[in-house]
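Undergrad: Chains H and A are the protein sequences, given in the same order. Residues 115 to 309 (this note's numbering) make up the first sequence, in order. Residues 391 to 733 (this note's numbering) make up the second sequence, in order.
It is possible that some hints are incorrect.
Subject to a maximum C-alpha distance of 20 Å in a straight line, what follows is the list of computed EDC-like cross-link-like pairs (lysine to aspartate or glutamate) [as the list claims (entries may be wrong)]: (1) H:275 / H:265; (2) H:149 / A:551; (3) A:710 / H:176; (4) A:710 / A:456; (5) H:252 / H:227; (6) H:162 / A:430; (7) H:275 / H:226; (8) H:162 / A:421; (9) H:267 / H:302; (10) H:171 / A:421; (11) H:161 / A:430; (12) H:160 / A:421; (13) H:275 / H:234; (14) H:217 / H:207; (15) H:284 / H:253; (16) H:284 / H:248; (17) H:252 / H:169; (18) H:284 / H:176; (19) H:290 / H:187; (20) H:161 / A:421; (21) H:301 / H:248; (22) H:160 / A:430; (23) H:252 / H:226; (24) H:252 / H:280; (25) H:221 / H:253.
One side only, chain A facing chain H, incomplete, derived with CB under 8 Å [claimed, not checked]: (26) 428; (27) 431; (28) 691.
Some residues of chain A that are not near chain H, with every Cβ distance over 10 Å (derived) [unchecked claim]: (29) 399; (30) 605; (31) 709.
It is worth saying that the hints were derived from the structure and are not from the lab. Glycine included, every Cβ here is placed at the ideal spot set by N, Cα and C.
Okay, here's what each chain looks like letter by letter:
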Amino acid sequence: MPDNQHIGQLTSRSKIVSDKKMTFMERIYLPALMKGFGITFSHLFKKKATIQYPEVKRPIAEIYRGKHVLKRDDQGRERCTACGLCALACPSEAITMVAAERKEDEKHLYREEKYAAIYEINMLRCIFCGLCEEACPKEAIFLTNEIVPSDYKRTNFIYGKDILVESVDKRVDISKRQTPAVLNFKKDKNQSHNI
Amino acid sequence: MDGNYILYKFILATIILLISLVVAMYSTLIERKLAGFFQDRLGPNRAGIFGIFQPLADGLKLFFKEEFMPGTADKFLYILGPSLTMMIALLTSAVIPWGGSLIINGVEYSLQVADINVGVLYVFAILSIGVYGIMIGGWASNNKYALIGAVRAASQMISYELAMSMAIIAIVMMGGTLSLSEIVEQQHGFNWNIWYQPLGFVLFIVCAFAESNRSPFDLPECETELIGGYHTEYSSMKLGFYLFAEYINMFISSAMIATLYFGGYNFPFMDDLGLSHNALTIIGSIVFFAKISFFGFVFMWVRWTLPRFRYDQLMRLGWKTLLPLALVNIIITGFVIMLKNHS
Chain H
115 MPDNQHIGQL TSRSKIVSDK KMTFMERIYL PALMKGFGIT FSHLFKKKAT IQYPEVKRPI
175 AEIYRGKHVL KRDDQGRERC TACGLCALAC PSEAITMVAA ERKEDEKHLY REEKYAAIYE
235 INMLRCIFCG LCEEACPKEA IFLTNEIVPS DYKRTNFIYG KDILVESVDK RVDISKRQTP
295 AVLNFKKDKN QSHNI
Chain A
391 MDGNYILYKF ILATIILLIS LVVAMYSTLI ERKLAGFFQD RLGPNRAGIF GIFQPLADGL
451 KLFFKEEFMP GTADKFLYIL GPSLTMMIAL LTSAVIPWGG SLIINGVEYS LQVADINVGV
511 LYVFAILSIG VYGIMIGGWA SNNKYALIGA VRAASQMISY ELAMSMAIIA IVMMGGTLSL
571 SEIVEQQHGF NWNIWYQPLG FVLFIVCAFA ESNRSPFDLP ECETELIGGY HTEYSSMKLG
631 FYLFAEYINM FISSAMIATL YFGGYNFPFM DDLGLSHNAL TIIGSIVFFA KISFFGFVFM
691 WVRWTLPRFR YDQLMRLGWK TLLPLALVNI IITGFVIMLK NHS
C-alpha cells in the first residue's frame, strides 16, 4: 500500500481494517497457535520482573515524600511552634495539633515560646503532597524517604509526637529536601502565593 | 491366584495411587511456578526452597477451612459429587502400562495393575462417567452459576468424547487390539504411533484438553463468567477434591497421550543398549514418566498461552471440525490398511 493511505487521518499508525476471507493456513489456526507458544516459551527464560521485597528494596528517590519527621534544631530543641499553618495547608486535613505555652524550665526542650503539646498526623488521610513542609515557617516538618508501614488497626495510623519527632541522638537527614534553592524560594516574597 | 499374587497387585496399586496423588500435588506447585515464569514472575518461593512446601501448605489450608454447605443443597449428592470425581480420576490409572515387567526370582511381575483386553474401552467408559461428578456437584449446589457450569461441562464432555473416541479408533484399527499393553508393545523402539497418526494425535490432544476441563476449554469453571462454575458452592477439602481431580486427570491424560501416540515406555535404540530385562524396564518407566512430564508441561503451556473459547466456538470446533476430521482420519486409515493387506 502507498503511504498516502493515512492522508486525512490524525495518526500515522492507523490500520486499514478488512474482513477478507481467511486463507487455509489461517483457518486451521495451528501456525498461529505455534507462534503463540513460541512467544510464551521465550518468556520462560526472560529476566523476571519480581523484586523480592523485604530482602530487596526498590531504589527510591532521595527527595521521596514518605513518612514525616518533626525536626529539632542544633541544640536539640523542637522547632515546631504550633502555628497551625501546616494543618491549614493540608488538603486532606490530616494534621491536628494542640498548642501549649513553654514553661521557664522547658527552654532546653522547645525553641519557641509556644509549642505543640499534641501533634498528630493521620497517615490514612495524608496524601504525601508535601504542602505542610512548604507551609512551615520554622523548617520544623519534613517528609522523609521512609515508608509508612502497614498495620492491622486504623487507630495505629494516627502518628503522634512519639513517632514523628526525631530523637536527639538519631537525627534524620533532610538536607536533600532542604536545598538552598528551596530555602531561597521560600524566602522570596514574590513567590509567596506559592506557599 | 495365590496370596503372593494378590499381595503384589495390592502393592503395585498402592504405589501407583500414591504416585498419582504426589504427582497431582506437585503439579499444582509446578503449574503456579510455570505460570509465574510465563508471566515474567517468580511464582511461589517462600515455603521452602523453590516453594517445595507450598503444596503441603495449600493442602493444610484446605483441610482447616470451614466446611460450608449451602442450606438448600442436596446433602447426599453434594458430598457424592467431589468423591465421585476423585474416584473416577484415579480409576483410569489401573489399565495404563507404567512399564514393562520385572523378573524377580524367575517370576515375571508386570508393571500394569490390570492388563484387561478391552483397556481402551475401559478408558472410554471411565471418561463417560467422569462427567457425573461435575454434573452432580453442580446440580446439588442449588446455585445458578454451579448449574450453568455443570450443564456446560456435560455438553462439552459429551461432545468431545465422540471426536476423542474416533481418534483412538484409528489406532485400534492399526493395531487390531483394544489392550493398552499390546498397543504399547506394537510401538517397540521408535515405531511410535505419532508417525502414522499425526492428525489423530492433534485431534486426541485437543479433545484431551477439553475432557479435562483445562484452558482453553475451561468453560465449566470459567472464573470470569461463572465465579467458579460447578464448584462455586464448594469449600474446604471438597473443593480441594475437585481441584485435585483436575490435576490427576491432567496426569492421566498425559499418560494416555504418551501411551497411545508416543510409545509408552518404549524409547529409541532400546534393543542396542544390551541391558538386562529389569534394567530396561526401569529405564523404560523413567522414560515414560519423562514423556508424561513433558505433556504435563504442554498442558500448562497451553493454559498460559491461549485465551478461553466462547461457548459457540467450542461447540462448533467439536462438532463441525474435530468430529468430521476424526471420521476422515478413520477412512484414510482404513484405506491404507486395506492397500497394505492387499499388496
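Undergrad: Please list, smallest to largest, the hint numbers that this structure does not respect.
TA: Failing hints, ascending: 2, 3, 4, 9, 10, 14, 16, 17.
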